[in-house]
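Q: Read off the chains here:
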Amino acid sequence: MHLALFLIFGALCVAGALNLLLQRHPINSALSLIVVMSSLAVLYLLLGAEFLAAAQVIVYAGAIMVLFTFVIMLLNAGREERTRGSKMAYVIGFPGAAVLLALLAYVFISHSGDFHRVHVGEYVVSTAALSGVLFRDLLLPFEVTSILILIAILGAVALARKEH
Amino acid sequence: METGLFTFLIVNLIKIVVVVVILLMAVAYTVLLERKLVGRIQNRWGPSRVGPFGLLQPLADGAKLFLKEDLMPLAVERPLYVLAPMIALGCALTSIAVIPFGANIQWHGVDLFQISDVSIGLLILLGITSVGVYGIALSGWSSNNKYSLLGALRASAQVISYELALGLSLVGVVMRAGSLRLRDIVNVQTGHSAVAFLHWNFFEGFQFVAFFVYLMAAYAETNRAPFDLPEAESELTAGYHTEYSSMKFAMFFMAEYANMITVGCVATLLFFGGWSSPFGHFLSGSGRISTAILAVFWFVVKVFFFLFLYIWVRGTLPRFRYDQLMGFGWKFLVPVAIANIVVTGLWMGLRLPVH
Amino acid sequence: MVPISWYLILSAILFSIGVAAFLIKRNIITVFMSIELMLNAVNLTFVAFAQQWHMVSGQIFVFFVMVVAAAEAAVGLAIIIAVFRARSTLNVDQIDLMKL
Chain A
827 MHLALFLIFG
837 ALCVAGALNL
847 LLQRHPINSA
857 LSLIVVMSSL
867 AVLYLLLGAE
877 FLAAAQVIVY
887 AGAIMVLFTF
897 VIMLLNAGRE
907 ERTRGSKMAY
917 VIGFPGAAVL
927 LALLAYVFIS
937 HSGDFHRVHV
947 GEYVVSTAAL
957 SGVLFRDLLL
967 PFEVTSILIL
977 IAILGAVALA
987 RKEH
Chain B
525 METGLFTFLI
535 VNLIKIVVVV
545 VILLMAVAYT
555 VLLERKLVGR
565 IQNRWGPSRV
575 GPFGLLQPLA
585 DGAKLFLKED
595 LMPLAVERPL
605 YVLAPMIALG
615 CALTSIAVIP
625 FGANIQWHGV
635 DLFQISDVSI
645 GLLILLGITS
655 VGVYGIALSG
665 WSSNNKYSLL
675 GALRASAQVI
685 SYELALGLSL
695 VGVVMRAGSL
705 RLRDIVNVQT
715 GHSAVAFLHW
725 NFFEGFQFVA
735 FFVYLMAAYA
745 ETNRAPFDLP
755 EAESELTAGY
765 HTEYSSMKFA
775 MFFMAEYANM
785 ITVGCVATLL
795 FFGGWSSPFG
805 HFLSGSGRIS
815 TAILAVFWFV
825 VKVFFFLFLY
835 IWVRGTLPRF
845 RYDQLMGFGW
855 KFLVPVAIAN
865 IVVTGLWMGL
875 RLPVH
Chain C
5 MVPISWYLIL
15 SAILFSIGVA
25 AFLIKRNIIT
35 VFMSIELMLN
45 AVNLTFVAFA
55 QQWHMVSGQI
65 FVFFVMVVAA
75 AEAAVGLAII
85 IAVFRARSTL
95 NVDQIDLMKL
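Respectively, the protein sequence lines represent chains A, B and C. Residue numbers 827 to 990, in this note's numbering, belong to the letters of the first sequence in order. Residue numbers 525 to 879, in this note's numbering, belong to the letters of the second sequence in order. Residue numbers 5 to 104, in this note's numbering, belong to the letters of the third sequence in order.
What the hints contain is simulated information worked out from the structure, not anything from laboratory work. Certain hints may be false.
Claimed, not checked - DSS-like cross-link-like pairs, simulated, lysine-lysine; straight-line CA separation at most 27 angstroms: (1) B:K855 - A:K988; (2) B:K670 - B:K592; (3) B:K560 - B:K592; (4) B:K670 - A:K988; (5) B:K539 - B:K560.
As the list claims (entries may be wrong) - Label pairs and their in silico Cβ distance ranges: (6) C:V69 - B:G839: 44 to 50 angstroms; (7) A:N902 - B:N536: 43 to 49 angstroms; (8) A:I979 - B:L548: 52 to 58 angstroms; (9) A:R987 - B:V542: 36 to 42 angstroms; (10) B:G702 - A:R987: 57 to 63 angstroms.
To be verified - One-sided and incomplete, this derived list gives chain A residues near chain B with beta-carbon spacing under 8 angstroms: (11) V840; (12) A841; (13) G888; (14) M899; (15) L900; (16) L901; (17) G904; (18) T953; (19) A955.
Where a beta carbon is used, it is the ideal one built from N, C-alpha and C, also for glycine.
Model the full assembly from the supplied sequences, consistent with the hints where possible.
A: What follows is the structure, given as structure tokens:
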């Protein structure tokens with residue numbers, strides 16, 4: 827059951843990411859990214875992170891990506907055209923990414939003996955446990971992030987307003 | 525789990541089919557209810573020809589929508605144009621999965637009155653609502669029509685803005701229950717005295733401010749009057765579904781009403797004691813079967829009240845102007861919701877012993 | 005029973021695709037989206053390691069990454085809108101001057 831779910835949603839993740847890479851229209855890329863994020867939420871559930879799974883859907887798929895699609899619709903972004911710079915990127919991009927993948931996969935496989943296997947339900951972090959750590963031990967960083975958000979709001983408003 | 529996987533799957537499948545069928549029937553009759561009530565508010569009869577009191581009108585509407593020609597405009601972005609109504613309806617129907625609509629009665633280890641009892645039920649509801657906006661956004665964009673695009677832009681901006689107030693208004697309730705599981709939230713509110721309704725979050729929890737914030741944010745979230753700017757017919761023809769016809773239009777229509785029902789269910793569960801009887805043991809049943817049936821009865825009555833309120837508001841209030849809508853959401857609802865969290869926190873902190 | 009290393013390899017695949025998309029895509033919005041993809045891949049690693057060591061801190065990290073990603077998306081999209089107003093293009097090759 828766990829294996830089947832992992833394979834289905836892992837395959838969805840990879841397919842969505844590849845589609846993001848291959849589609850030439852930004853709105854299709856945005857949709858495939860939403861698929862990746864929602865499948866990741868399921869994987870988080872399998873890994874026992876229930877609050878993060880919900881937060882992934884609400885924050886990433888429901889807020890950040892809505893902003894992206896909103897901006898794509900607002901600016902009426904069309905298909906991207908190929909330019910001189912993109913040839914260079916093709917030459918460097920694909921081999922670079924392949925080397926990175928090979929390196930990471932090599933490290934993970936060579937250490938695979940150190941990792942144990944996931945049993946669903948064996949270790950589940952409840953929302954209460956997560957908030958206990960967040961609001962007791964890490965209160966200061968939490969408050970700092972709220973200031974970060976505030977500054978980001980101010981910055982976004984200042985940047986996006988029309989100049990008079 | 526004492527039951528086998530097979531029985532579990534079969535019983536759950538039957539449960540899902542039954543719930544979806546009932547939900548779709550409820551959607552159809554909510555449309556009739558709306559037409560009847562708005563008719564009465566406007567001093568006319570509403571549908572009265574098909575069947576006794578017009579009761580068969582939903583069937584006639586359904587048949588009409590099925591038989592209409594399914595137009596595919598030439599300039600649309602075809603895959604997304606087809607996908608958009610499916611996303612809208614899919615999200616609207618999925619959210620019913622975590623809603624408990626009766627007391628926790630087990631049969632062979634399967635909860636009979638809830639499809640799945642998850643510990644983050646409330647968050648899942650919020651997540652599904654926030655994904656539902658893609659249906660509207662994509663329909664507007666893929667229709668390749670300026671009215672649709674404007675409607676979709678309005679809808680996405682409105683939904684993102686009001687989602688904040690919606691989420692913040694529910695925090696007080698969650699703080700009081702100490703759980704995100706919907707059954708736990710209801711159990712906090714049940715009492716056995718004759719005035720059990722005083723235990724509801726609306727009264728005892730002093731969450732009536734949160735309730736009104738929730739109600740207004742939810743009306744905006746479901747694009748209903750007085751926040752129905754995405755489909756304002758005097759400005760945008762029909763907004764995001766201008767280019768849609770036949771069943772695709774019907775899917776948007778059904779999604780809107782299913783969302784209304786979900787909002788009614790959530791308001792009932794979070795603020796009005798869910799399926800518990802408002803008068804303690806009065807009409808709460810004595811035997812097993814009567815308890816089960818009466819729990820569902822109270823739940824339906826409360827949800828019906830919210831649907832009635834929806835339609836009443838629609839028949840009464842004029843539409844907002846767009847800048848007023850944004851100002852109302854950001855400058856009024858969000859601060860009030862945050863103040864409600866602070867006050868609830870202080871009240872709980874002072875009332876409970878510190879340990 | 006899935007080994008943790010499978011999750012890590014999945015996250016490596018996603019991260020590499022994100023890197024490739026970041027280098028290859030020419031639309032500034034898509035470039036920005038590939039950054040989000042990379043962040044998501046790293047988040048998966050954090051959650052996997054939280055499961056491996058049975059520690060909550062990995063999940064807390066993901067929480068903070070999400071907050072930062074939200075802030076980043078708000079500011080980044082505002083910058084994109086400002087750039088589009090000034091240049092009326094979204095192609096990164098044509099936005100290579102540091103002045104208007």
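Q: Each hint should be assessed against the structure and marked as holding or not.
A: Evaluated hints:
1. B:K855 - A:K988: Status holds; Cα separation ~21 angstroms.
2. B:K670 - B:K592: Given pair K670 (chain B), K592 (chain B) holds - Cα atoms ~25 angstroms apart, limit 27 angstroms.
3. B:K560 - B:K592: Answer holds: K560 (chain B) to K592 (chain B) is near 24 angstroms, not above 27 angstroms.
4. B:K670 - A:K988: holds, 23 angstroms
5. B:K539 - B:K560: violated, 31 angstroms
6. C:V69 - B:G839: 44 to 50 angstroms: holds, 47 angstroms
7. A:N902 - B:N536: 43 to 49 angstroms: holds, 45 angstroms
8. A:I979 - B:L548: 52 to 58 angstroms: Violated, at about 41 angstroms.
9. A:R987 - B:V542: 36 to 42 angstroms: violated, 52 angstroms
10. B:G702 - A:R987: 57 to 63 angstroms: violated, 42 angstroms
11. V840: violated, 21 angstroms
12. A841: violated, 15 angstroms
13. G888: Since the shortest Cβ distance to chain B is 3 angstroms, the answer is holds.
14. M899: holds, 5 angstroms
15. L900: holds, 7 angstroms
16. L901: This hint is violated: L901 (chain A) lies away from chain B, its Cβ roughly 11 angstroms from the closest one there, beyond 8 angstroms.
17. G904: The hint is violated - G904 (chain A) has no Cβ within 8 angstroms of chain B, the shortest such distance being about 12 angstroms.
18. T953: holds, 6 angstroms
19. A955: With a closest approach of 12 angstroms, the A955 (chain A) hint is violated.
Checked against the numbered hints listed earlier, the structure breaks hints 5, 8, 9, 10, 11, 12, 16, 17 and 19; every other hint is satisfied.
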